[in-house]
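Visitor: Below, each chain spelled out in residue letters.
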Amino acid sequence: MTSMWFILALCFELIATAGFIVFIVKQQKWMFSVSYWLLVVGFVFHTIFLGCRYYSLGAAPVLDLKSALSFFSWSIIGVYLVIQARFKLRVLGSFVAPLAAFFMTISSAVPGTVTPVKPIFKSLWLTLHVGTIFVGNALLAISCLAAVMYLIQERQIKRKRFSTFYGRLPSLATLDNINYYAILYGFPFLTAGMIIGSIYAQFAMGVYWQWDPKEVWSLVCWLSYAALIHERLAVGWQGRKAAIMSIVCFSLLIFTFLGVSLLMGGYHSFGNMGGR
Amino acid sequence: MPRIINIGLNHETAPVALRECLAVESRNVQKALGLMRSLDVVREGFFLSTCNRVEALFVAEEAEEAKRAVVSLLSKMGSIPVDDFSSCLYTYENMDAVTHIFSVASSLDSMIIGEPQILGQIKEAYLQSTREKMSGVILNRLMHKAFHVAKRVRSETDICGAAVSISYAAVELARKIFHTLEGKKVLLVGAGEMAELAARHLLTNGVSSMTVVNRTFERAVEVAERFRASPASFDEIEDQLLVADIVVSSTASPECIITREMVKKVLRKRRNRPLFLIDIAVPRDVQPEVNELNNVYLYDIDDLKGVIELNMAQRQDAAVKAHRIVQEEVMKFEKWLKTLAVVPTIVSLRNKVEAIIQAEFGKSRSALDQLTPTHRKAVDVLIRSIVEKVLNDPILFLKGKAGRSTLNDYLDTTRKLFSLDEGDESSRTETLTGNGPC
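Chains A and B, in that order, give the protein sequences.
Here the first sequence stands for residues 1 to 276, where the numbers follow this note's numbering.
Here the second sequence stands for residues 1001 to 1438, where the numbers follow this note's numbering.
Extracted from the complex, chain A is given alone in its bound form:
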């Protein structure tokens, strides 16, 4: 039953992605509306899937790579739907949906682990910790996508060579704004998630901070984003430099999310979460 919801969510998200890609090529508004609503339906199925999983596990479904990827994909879509309602920027979907669908596809390909959940994870703290972190991550993912769009558009205007993207992408000011505000709102979530995590660690393990690889890398990410926000606010960084920096920061974040968990061990790694 649960896997059926997962498959439905995956299918709708993939079809929506295809629709968004057709939309950016053909530029037909109805194509956007169709894709948008397909994505909404996919998101609903995805939410049901996560709800079922949460119910059956008794803990947030983020404890193995498969679940974490699907949860990340869900957060990205959720945050995108909120941003879309606010900014009504059609082209954004054509960048966000492929990213979300990409994570979802990998998630579907990765085998899930069936091990009993450790009692320590059956806590509201875990839900809060990963919930805030992933909302933050999703916002930062969107800021990274806006940065990519910015760099494409900026390159065209600077080099005076216009491809088909020129007319389809919004203005530099809009893209820079999205990049800026996504970080500005994403960063507090990241911060809150890390603080909640450390309180949770104190409760669960008796230490706030234990130099676990994930903790260290998260701190590195946090510091890079803090530096970026500082440069923006204090020095007035904007445009190209800020865009490149936010892409670098997001790469660090992805490494922290996936690379550290898979390669470096520590109590955050998926291997250790499974109870082996």
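If you are wondering where the hints come from, they were derived from the structure by calculation, not from laboratory data.
Remember, it's a predicted structure, so these values are computed and weren't measured experimentally.
Don't take each hint at face value.
Chain B is faced by these chain A residues, among others (derived, beta-carbon under 7 Å) [what the hints assert, rightly or not]: (1) ILE157; (2) LYS160; (3) SER171; (4) LEU172; (5) ALA173; (6) THR174; (7) GLY236; (8) GLN238; (9) GLY239; (10) ARG240.
Using N, Cα and C, we set each Cβ at its ideal position, and we do this for glycine too.
Place chain B on chain A using the hints.
Guide: The following block gives chain B in isolation, referenced to the frame of chain A:
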């Protein structure tokens, strides 16, 4: 069968001197239509006169005679002998004329493809034509279809998408950088015709304030007054660069006025706000290396021309698609036009049936008078629905044959079957003789 004829000249066929003579003021369109009405051969007429074209579109039975009459009308209006301009005229008939007017309305025949004014001009001319009661069944339908085609072309193709003039291209680029021009500040360095045009476009698109700088301060004051801008002296350029978002430069200076060093110095103080420099001057006013700086975008006259060429090519591509739409609509119009030939027969068929109903009602009046009004109405409805059903198939059959070469045989048979040509209505004979294959 009446013919649709279009006689005219445009920017491609006639030199401007000739167009000037023939292009009449809008009030003279009325005169032209009046003259057209006085021609017996012209049944419906439409007259279009813009700076790039003069066209007469009319419907006539006797094509050759009407053409001669309209050409001499043109020569009378422009006071030029026919021989002086007949070589510049083009003449289209029937579907070619329809194609032509559809293309003109869709701005496919314009000097700048996709320019939007022509549709308004055609609408105005059509309004005049209806006011002068020169527009009938065919022209009404034709012109409304022309507006429809123009609308389709505009919404389904990119024909009026991108800018094709230097100043519009500049505004469009500014929009791609700043999103909105509202609240942005413009610095106008030097003043030339093109720079002023660009400045004017920026102002009409929402730029909030403008400063004018010139070598001679008096000239700066003079230009500033015209734009309600503030003047500044030439030495202040660097200070002005601090606040400006868009710089339009066109001085006659032989060396660069705005250098890379200068812009680089102000960038940090500007807190990296984007700066868009438009250099229209030849030789250039702004050092090309300025473009290498972050968040600074420099476009010189050649760059802008490049943008325009690109946009022009895009419009040409769109025009191909637009021609296809025009062809599609011409075919639809042709189909409609052909059903016109069937209409008189159908009308007389209905007239005849109506006459029979009335006559039979008259005969049975005494019996029917005893019925209540509701019953009488029911009888009336009954009779009419039976008649409608009987007539329906022959009418559909005739409409289906519209445009076929055998149509006239069928019309003839129908008229004989129902003996429609007996009696005194002159219109019946007229339709039969007038039904040449077209």
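Visitor: The structure should be examined with respect to each hint, and the outcome stated for every one.
Guide: Now for the hints, and whether the structure bears them out:
no.	hint	result
1	ILE157	6 Å, holds
2	LYS160	5 Å, holds
3	SER171	4 Å, holds
4	LEU172	5 Å, holds
5	ALA173	4 Å, holds
6	THR174	5 Å, holds
7	GLY236	3 Å, holds
8	GLN238	5 Å, holds
9	GLY239	4 Å, holds
10	ARG240	5 Å, holds
In this structure, every one of the numbered hints holds.
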